[in-house]
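Heads up: the protein sequence lines correspond to chains A and B, in order.
With our numbering as the guide, the letters of the first sequence map in order to residues 1 to 381.
With our numbering as the guide, the letters of the second sequence map in order to residues 1001 to 1381.
Which chain A residues face chain B? A few, computed with CB under 7 Å, are given here:
#	residue
1	Ser53
2	Asp67
3	Glu75
4	Lys124
Keep in mind the hints are simulated off the structure, nothing from the lab.
Think of the CB as a built atom: it goes at the ideal place given N, C-alpha and C, for glycine as much as any other residue.
The residues making up each chain are set out below.
2 protein chains.
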Amino acid sequence: MRPVSIVGIGQLPVASASALSLRRMGAEAARLAMAEAGVDRVDALMCGNMLASELQGQKHVAALVADEAGLRGIEALEVGAVTASGAGAVRMAYLAVASGQADLAVAVGVERMSDGVAMPAISKALDAEIEVPNGATMISRNAELMALYLERSGAPAHAMVWFAVNAHKNARNNPYALFHKMRVSPQRARTSRVIQSPLRLYDCAPICDGAAAVVLAPTDQARAYTEIPVRILASSVATDRFRIEDREDPLKLEAAQLSGLKAFRQANVNRGDVSFFETHDAFSIMSCLQLEAAGFALPGQGWRLATERKIGIRGPIPITTMGGLKARGHPIGATPVYQICEAVLQLTGRAGKNQVRNATVGLVQSIGGAASTVVTHILGT
Amino acid sequence: MRPVSIVGIGQLPVASASALSLRRMGAEAARLAMAEAGVDRVDALMCGNMLASELQGQKHVAALVADEAGLRGIEALEVGAVTASGAGAVRMAYLAVASGQADLAVAVGVERMSDGVAMPAISKALDAEIEVPNGATMISRNAELMALYLERSGAPAHAMVWFAVNAHKNARNNPYALFHKMRVSPQRARTSRVIQSPLRLYDCAPICDGAAAVVLAPTDQARAYTEIPVRILASSVATDRFRIEDREDPLKLEAAQLSGLKAFRQANVNRGDVSFFETHDAFSIMSCLQLEAAGFALPGQGWRLATERKIGIRGPIPITTMGGLKARGHPIGATPVYQICEAVLQLTGRAGKNQVRNATVGLVQSIGGAASTVVTHILGT
Chain A
1 MRPVSIVGIG
11 QLPVASASAL
21 SLRRMGAEAA
31 RLAMAEAGVD
41 RVDALMCGNM
51 LASELQGQKH
61 VAALVADEAG
71 LRGIEALEVG
81 AVTASGAGAV
91 RMAYLAVASG
101 QADLAVAVGV
111 ERMSDGVAMP
121 AISKALDAEI
131 EVPNGATMIS
141 RNAELMALYL
151 ERSGAPAHAM
161 VWFAVNAHKN
171 ARNNPYALFH
181 KMRVSPQRAR
191 TSRVIQSPLR
201 LYDCAPICDG
211 AAAVVLAPTD
221 QARAYTEIPV
231 RILASSVATD
241 RFRIEDREDP
251 LKLEAAQLSG
261 LKAFRQANVN
271 RGDVSFFETH
281 DAFSIMSCLQ
291 LEAAGFALPG
301 QGWRLATERK
311 IGIRGPIPIT
321 TMGGLKARGH
331 PIGATPVYQI
341 CEAVLQLTGR
351 AGKNQVRNAT
361 VGLVQSIGGA
371 ASTVVTHILG
381 T
Chain B
1001 MRPVSIVGIG
1011 QLPVASASAL
1021 SLRRMGAEAA
1031 RLAMAEAGVD
1041 RVDALMCGNM
1051 LASELQGQKH
1061 VAALVADEAG
1071 LRGIEALEVG
1081 AVTASGAGAV
1091 RMAYLAVASG
1101 QADLAVAVGV
1111 ERMSDGVAMP
1121 AISKALDAEI
1131 EVPNGATMIS
1141 RNAELMALYL
1151 ERSGAPAHAM
1161 VWFAVNAHKN
1171 ARNNPYALFH
1181 KMRVSPQRAR
1191 TSRVIQSPLR
1201 LYDCAPICDG
1211 AAAVVLAPTD
1221 QARAYTEIPV
1231 RILASSVATD
1241 RFRIEDREDP
1251 LKLEAAQLSG
1261 LKAFRQANVN
1271 RGDVSFFETH
1281 DAFSIMSCLQ
1291 LEAAGFALPG
1301 QGWRLATERK
1311 IGIRGPIPIT
1321 TMGGLKARGH
1331 PIGATPVYQI
1341 CEAVLQLTGR
1351 AGKNQVRNAT
1361 VGLVQSIGGA
1371 ASTVVTHILG
1381 T
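Can you build the whole structure from these sequences, using the hints too?
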């Protein structure tokens, strides 16, 4: 297997409602990433999207985006695992280059959620035979997990607030973030309206539009495209029992743990080498559980990393360094590609005021559904 | 890149309405393929499905099928290009094994179309901004292509009938085929009801339920799993301009031609080496145009291969050897995996009465949407 590097990234500003159509958003993100790599052509475009089938009445998004981007004739496929779809696209682009089947591949994540009511379509990430008929939604499932966590861990109800405060603080230095101009005090987050108890507004990432892309090339050719390539040290996927009820411990994210272990092994690094961790904070409880699954905290103790400010840019384990899903925004199919782009900014010293010092290893994890699927990437300088 | 072989296949009988649920169908196909390979565990499950989001209200099908199959913890992702989705799943499983990231991968195609009205969801393969608002469906687009073809080529209106007659004849020896007990005379096909002129019923593949799977392993380990592995000599994908109107010649399937050329180059074989060709006859006109795109006939002449019976099992270029989409059935997301399974049967001497003599190289091509995406695989002994 030949090593693979990221040689270009592209991000559209996350927006409540983009002025661009779905296909244009995807094509523009691809164009930006390809421009950064200095290429106008790639062999393959892998696309992550979750909701176009419902919100735009559009399937076949990869071919559509490739056509819109003028990439006539190239390979194009959709790759998906609902909310982790963008990470699936990165993984497939990685496999295409690693295998030698492509010399340049672009992974695009795109989602346009402003075209309709997203929640019913998002719930299709859950079990349509059992969970959805019982009234479950992604929000209700996360509310249950948070309630169970607070009860079992004895964490104070407002502990989770610090995940949002950290994310919003970091977003203020990210021009692509949806909430890059907003100040969020602990008080504001703590008293925000209840969405589903115990989830408050600031525990939940917002619905929005966005697209991001990364260009991948063989590591031994990477410097032909950029002076500062970033190596993909590992790419892995793992699944858990599909429904939370079927898991021995609903608070143990087994897919996160498994894909993390696989990735650490592949990258030949360990937890102590990680400079920062881009968690998938669709809900603040997920950041907390991911920190525990990756071993940065003992079970039931992850919240302390937040309340003790250890997750900040200068802390021992910075997370959601450019705002995370909470404050950069969560255009679902695009989100994991934003995560990867942000890790690249950190590892290339381009994270501005949010630069993590001596960033050499970035851990990026994207969650599909109720953590039934988790995709992990480890990037390195 | 390490060479990859198919070491096990599994097919459910295609049915108008399966007694099994979607997840059970997918899991059962995976189990059959894994049983044939003699394994109860794989590293990855790649899933092709087009319509579950609409017909079952279910996304996240790969993780669901992996869970149902008891494959706890493994990698699982959906891969898609609408009607070619199953071929995308095979390709991603191929890349996972070829790259060295997986030692065993199963590609599953699954579709359960009996749970609702499929046509509106199928139309999402087309351009939702331009084609669908103009009343286009996959059927209307193929009717247009057939009309244009008949007009330009001067082929008699009933020429296409012979594609259906050939497919139905072959399906009679395929116990997994939806129409394996049906006799279809040229007269019956010629006088069948008009669906959209000039398309008649027998120009169109039927809606149905099905699931199929293949297990992939590195070629140098393949004989540990089966005495008769089949090599994947090539795997390729190409796209065309998305809308037919944007193509210089709507009757030239550029994505079929490009992915075919790439595949021939990768496999280091040429057209004359091909023992049989599994075309994607969702509509008979597609078989005709694929034969032309692959160079088996000159433009406007592909129909003659059918009327002159050159596409039969004993002909120079046998196609749809186990019944094709027309008569085996077209459970959309599963279809390309059935095509691959059937090619494996041919190449391992297990095609029974439909056995192509001295079958050594099988060409398999799956079409996404209005041929906006085409996936080509070349298999060999």
